[in-house]
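Protein sequence lines, in the order shown, are assigned to chains Z and X.
Read left to right, the first sequence gives residues 1 to 118 (my numbering).
Read left to right, the second sequence gives residues 119 to 233 (my numbering).
It is possible that some hints are incorrect.
Unchecked claim - Partial selection, computed: residues in chain X whose CB lies under 7 Å from chain Z:
{"#": "1", "residue": "Phe163"}
{"#": "2", "residue": "Asp226"}
{"#": "3", "residue": "Gly227"}
Just so you know, these hints were derived from the structure itself, not from any lab.
Every residue, glycine too, gets a C-beta built ideally from N, C-alpha and C.
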Amino acid sequence: AQTVTQSQPEMSVQEAETVTLSCTYDTSESDYYLFWYKQPPSRQMILVIRQEAYKQQNATENRFSVNFQKAAKSFSLKISDSQLGDAAMYFCAYRGPNYGGSQGNLIFGKGTKLSVKP
Amino acid sequence: GAGVSQSPRYKVAKRGQDVALRCDPISGHVSLFWYQQALGQGPEFLTYFQNEAQLDKSGLPSDRFFAERPEGSVSTLKIQRTQQEDSAVYLCASSGTISGNQPQHFGDGTRLSIL
Chain Z
1 AQTVTQSQPE MSVQEAETVT LSCTYDTSES DYYLFWYKQP PSRQMILVIR QEAYKQQNAT
61 ENRFSVNFQK AAKSFSLKIS DSQLGDAAMY FCAYRGPNYG GSQGNLIFGK GTKLSVKP
Chain X
119 GAGVSQSPRY KVAKRGQDVA LRCDPISGHV SLFWYQQALG QGPEFLTYFQ NEAQLDKSGL
179 PSDRFFAERP EGSVSTLKIQ RTQQEDSAVY LCASSGTISG NQPQHFGDGT RLSIL
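Here chain Z stands alone, though its shape is the one from the complex (with noise of 0.2 Å):
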């Protein structure tokens, strides 16, 4: 079965600076999906960044990227020029390939609360 580990249940961040969140997983796979959400007060899960486990290029959108390591099944997140916006849970989640029965749903981590210092 599919896992996801997040090992940093809290990490804090000054204003301005760069933060990383870890996170590893484990599938027998070699075709998948990974995906970092974003959780706030008001509950609602917004995507950050996804990355295609076949695209060897890390994603990057504007401040977010990841660090993929396929080989190594990691999967880590930076934010740079941190916001205080940016503080919320932050939950990393595997979704398997389009075959073999999969049906999409998607396997999430535990989270890492992440707080932002002015």
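Once you have looked at the hints, place chain X on chain Z.
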């Protein structure tokens, strides 16, 4: 609508009561997912619909949980004879296609508290 809408936002029920949670996905979205999020945890998959067909209900914790999407749009998650362990946030998500490249869009969730 512009996003996934869930109602009610909060629901308090006494143990043993039945509850119904509603999800209105983004118009035209084929895939619909329900997740359960316990306090301090990540969401866990409950069930999946492709249009009106419930293709996967492997995550439903017991036969007290039932979900439907009769016309392939709005979905209802029903919990019968609620127990305290059912207290959680219930999230609904929809996706335009079954492609893994298409992200799931989440609603604000329903926070269910069982007294």
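Hint-by-hint comparison with the structure:
no.	hint	result
1	Phe163	4 Å, holds
2	Asp226	5 Å, holds
3	Gly227	5 Å, holds
Every hint, counting from the list given before, is met by this structure.
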